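Generate the whole structure from the sequences, applying the supplied hints.
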Amino acid sequence: MDGAVPLFRMEGISKRYGGVRALEKADLEVTAGSIHAILGENGAGKSTLIKTMAGVVAPDEGRMTLDGREVSFASPAAANQAGIVCIFQELSLIPELSVADNIVISDPPKRFGMIDRGAQRRIAEEALARAGASDIHPRALVKDLPLSRRQMVEIAKALARKPRILILDEATSALTAADVAKVFEVLKRLRSEGLALLYISHRMNEIAELADHCTVFRNGRNVASYKAGTKSDNEVVELMIGREYSHIFPPKPAAAPAATPVLEARNLSWADRLDNISLSVRAGEVVGLGGLDGQGQRELLLAFFGVLRGLRGEVLIDGKQASISSPKAASDDGIGMALIPEDRKTEGLMLPMTVRENLSFAALDRLAKGGIIDRAAEQRLIDDMVGLLAIKTAGLDIPVGALSGGNQQKVVIAKWLMRQPRIILLNDPTRGIDVGTKQEIYQLMRKLADQGAAILFYSTDYDELIGCCDRVLVLYDGSVKRELVGADITEHALIASALNIHGEGADMKQGAGA
Amino acid sequence: MSETTLGGIAGRMPKFIRRADPAVLTAFACIVILLLLGSLYSRSFLSPEYLLQQLKVASFLGVIATGMMLVILLGQIDLSVPWSVAAGAMMACAAAAYGPVGIALAIPFGVLCGVAIGIVNGIGVAYLRIPSMIITLATNAVAQGLMVVYTGGFSPQDSATAAMRYLATGFTIPGVPNAVIIWALIGAAMVFVLTRTSFGRAVYGIGNRERAAYLSGIDTRRIVMIAFAVSGGLSAFGGVLLAGYASKAAQSMGDAYLLPSIAAVVLGGTSILGGRGSYLGTVAGVILITLLQSILSVMQMPEAGRQIIYGVVIVAMLLLYGRAPASR
Amino acid sequence: MKDWRYLLAEQRGTLLALGIFIVMFIIYTTNHPAGFTANVVQTAANKGVLLAFVAMAQTLVVITAGIDLSVGMILLLTNCLASWLVVGTPLETTLGVIAVLAAGLVCGAINGAIVIYGRLQPIVATIATGAVYYGIGLLLRPFPGGSVNEDLADALTGKLFDVIPTSLVALLVVVLVVWVPFSRSEFGRAAYAAGSSETAAYMSGVPIRRGKFIAYALAGVLASVGGLFLTFFTYTGEAAYASGNSYTLFSIAAVVLGGVSLFGGKGSAIGAIFGALAFRTIGDLLFVFDFDPLWQPLFQGVILLIAVSLGAFALFRVRNRLEWFL
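Chains as they are written, first to last, in the numbering used here: chain A, 1 to 514; chain B, 1 to 328; chain C, 1 to 326.
Keep in mind the hints are simulated off the structure, nothing from the lab.
Mixed in with the good hints there might be a few duds.
To be verified - Sample of chain C residues facing chain A (criterion: CB under 7 Å; computed from the structure):
(1) Tyr6
(2) Met24
(3) Thr37
(4) Ala113
(5) Arg184
(6) Ser196
(7) Ser197
(8) Arg319
(9) Glu323
Nothing here was measured: the structure is a model prediction, and the numbers come from that model.
Even glycine gets a Cβ: it sits at the ideal position worked out from N, Cα and C.
Pasting the structure below:
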């Protein structure tokens, strides 16, 4: 590491949760004035590593040194005191408090024992400006802000604590491209100010742009450390998964099937989020929804699924107009729709309930006769699904929350497949999931389409859209800006239309400013 | 801490006990300890007559706690129990004053009044999304107001019908009070509903995560509404039985059942946050509470002391095993 | 730039409660046989202030996303205690007042300790502690009775300069001494933060436990101030179960009317005070309209039902049904 003295060092850190080992003798060195990227599949130990650093969990063994002195943190507050601040993947903002309250929350400025609101306001404004988010009003309540703005507040909050080591855990996952650019500027400036930054991301291009050093984690250990740019993406992915990395996407069928559309929208509008959207999905087709995050993709899926009220325009099923007023109506036999929701922990699953109960939950009406569940039929269907999706679980009667993230997501998908849906809506189903499970989900999607399902697939990952979809509709500001078909689905086309740039090769800066 | 010691004991126990919830086991263990302590005071605590008498008294609370449990499983609470009980009792007795038809319909009419209160609760919670603690307090106040207006502020003079008295105090099977049989039937029905029907699954699902249940195509509002209606109906039915037991209804007869019904459900290991709990636990909780009350009154403890001991015991037992997991 | 808008949004609940109170109070006084006089205001204030103290107590706990179903019983207990202790020479009286407030503090602290350090659910825990507090009150006063330093009682329930009800001044003093410092302190903010999102607050290194504990303890103190004033009004102590229960019930109604969210993290004690005053005024409307007192429980119940249903109108503006399930 260029002979630089490490600011922070972890040696032989181990942590177990019950029988599962999350970290196994992991080592890490962090140097001041550099950006250090941590890579690894989910469950590789990255989050446990940074939680240990940030004082959220206590390690079972190993030592941590800061400036050469051994340290241990009893709480996040203690870690903050030492200058280690973490921006967590799960937002740590308090929704009912204002932006300014949140920014100074851990150490508010005080006068006569009470919080000095003037000073608080100044600190907040300064921190927001440093984070490049001065458009956010310090008095606004966090709960009124969209996700991307909240993430910026989160960054401002971290900066206000004057950290020496700043940890970003998937901190850009909810940001718009313009915000990501701003955040990168901020991070580079912080590096030049001598901060040590730890950057955790699944987005390889971000790491390529930012990182000075990379460390790859696998199975709770650091397996490789290298200078950024010395390994190709393929090599890195192989280090992460420890196996050959090829043909991640299943082959697409040669020509799009010429069936009548199963799902169709005509001039669909809702509040100020959806604007005159028309689209159609045929049986056997995988249609992607692209665009920057938060351009109305989620709302569109919820609109089809009967969750939104005050919808204008028409939804047609099999060419016939349908009015769907609840998820129950959407999943009824006549329509046969399924939605794999955005957040599996709060929308897809009941975490404390058993795998069995979760799997059959969406199909209860089919499994029950006169309200009484046919347990034999339930068991048969569950066995089929566990086999079909290769769900790895220690049993059907353990809480689904005990499964890994990837297997939880498989349960969410399986519980809907138990109804044999004809129309499948997927809302970013691979977010926060390991590479292996992702690949299985891609294959499953194609298999379902081949069996005649109509699939509408929203993803924040452009590679997925390119690899999986027959067509991609790019949304911008609540309306469909562009439709890409077959070989036209390229990264360049996706990004250009996501930024609403007209024509190929138009000036990118113009779009980024929009 | 307690889990590991319990786990050690459980290892030497038969399988069906090992699989049981430690909270339920603790509740049953406490019942045994109470009985042993009581027998030190007087031998009669272990006599079959005393135990059957306790079971009979417990069955009133048991019926009411059954409805409370259903609502608590949803993550809600029903604080309208006091006046649902009173309204059920009063209206059943009132109907009895209207000739043979009234007498015949007394019990269903009383129960229906409770169902009506429950439906108002259900509409408030499910469709208007008012916190259940608030809407049930409000309907309790309204039910009280209605009863006060109806009775003129005095205890009603109508008396219970023969059928009500028979249900509460009679014997169909020699030696087993009818009230106990009724509780057993209601309990069995509840166990069946919770474990074997899609309604029961939906109740647990909603209690765990209503959003996920809704997105899974469950008509969550209907389920919540039905649960509150059932709870109101069972409270009123408890009132009908109590009126049969005492031969008439009284103004504040339901007040003594709110805290015990909640305590019985929670002491039986049902999470007050919803989504977790078994009916067996509620049975244990009901018997436990009834025994505690009985022992205190046999010892001729004054009301003040009874309240204090009662509160302390509930807190102590909950501290023993009803605690939320530590945050770290 | 748009600061006033944010200020308005922050205070919307409180302003709404103030508005309801003013409208109700105008209806009340214009129909009162004596009209808008200092005496009418004094009587109304004395009744309203009692509930206001209890509502403030409830607010502190509700902000932390908890609930204190024992406030009414703490009020009863401290009422019974005051009827023994707040008597005699000025020094004895002062010590008595301090002892009563300390008793309230202890009750609140016990609630807080059980809920926070014992990790029990506030609903069940406070119902149970409420039974204990009621039992102790009953031990102290098996029958209504006792006395209070009447000079102090008359001074605090009378009028200042023959115009302003002293009880209102006392309420203001309590707000300035208890609520303002609390809500602006680090612990007050911790209480709000914990109520809004406990995990986020923990992640942010907020002193959650201390904030919540102080909220529960201060709630006990405020309830005991209510108990003191109850003694000043009635000159006696009485452990009446139904009265304790209705204070608890009304405190929740007042909190809801005052724009405090029962889900925690939102609202202020000022709003709850106006909610309490409004609720009391509504209850008294029956008397000025000459109704049979028999109808009063029903009337209050219906008002309560309407008040809590009003909040539901926001539902009709919700266009994404997922927002129903927070």
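(Q) Is the interface hint satisfied for C:Glu323? The criterion is a beta-carbon contact with chain A at less than 7 Å. (A) At about 10 Å, which exceeds the 7 Å cut-off, the nearest Cβ of chain A leaves the hint on C:Glu323 violated.
Q | Hint check: 7 Å Cβ-Cβ cutoff, C:Ala113 to chain A | A | Violated. Min distance 20 Å.
Q.
Restraint: C:Ser196 near chain A, CB-CB cut 7 Å. Satisfied or not?
A. Check passed: Cβ of C:Ser196 comes within 4 Å of chain A, closer than 7 Å.
Q: Tell me if C:Thr37 is really an interface residue toward chain A, meaning its C-beta lies closer than 7 Å to one of theirs.
A: Because about 39 Å separates C:Thr37 from the closest Cβ in chain A, which is outside the 7 Å limit, the hint is violated.
(Q) Please check whether C:Arg184 passes as an interface residue: C-beta within 7 Å of a C-beta belonging to chain A. (A) Since the shortest Cβ distance to chain A is 4 Å, the answer is holds.
(Q) Would the hint on C:Ser197 be counted as holding, given a Cβ-Cβ threshold of 7 Å to chain A? (A) holds (5 Å)
Q. Would the hint on C:Met24 stand, with a C-beta cut-off of 7 Å toward chain A?
A. violated (28 Å)
**Q.** Evaluation of the interface hint that places C:Arg319 against chain A, nearest CB under 7 Å
**A.** holds (5 Å)
**Q.** Interface hint compliance - C:Tyr6 to chain A, C-beta minimum distance less than 7 Å
**A.** Hint holds; C:Tyr6 Cβ to chain A Cβ min 4 Å, cut 7 Å.
Figure legend: structure checked against the earlier numbered hints; hints not met, in rising order: 2, 3, 4 and 9.
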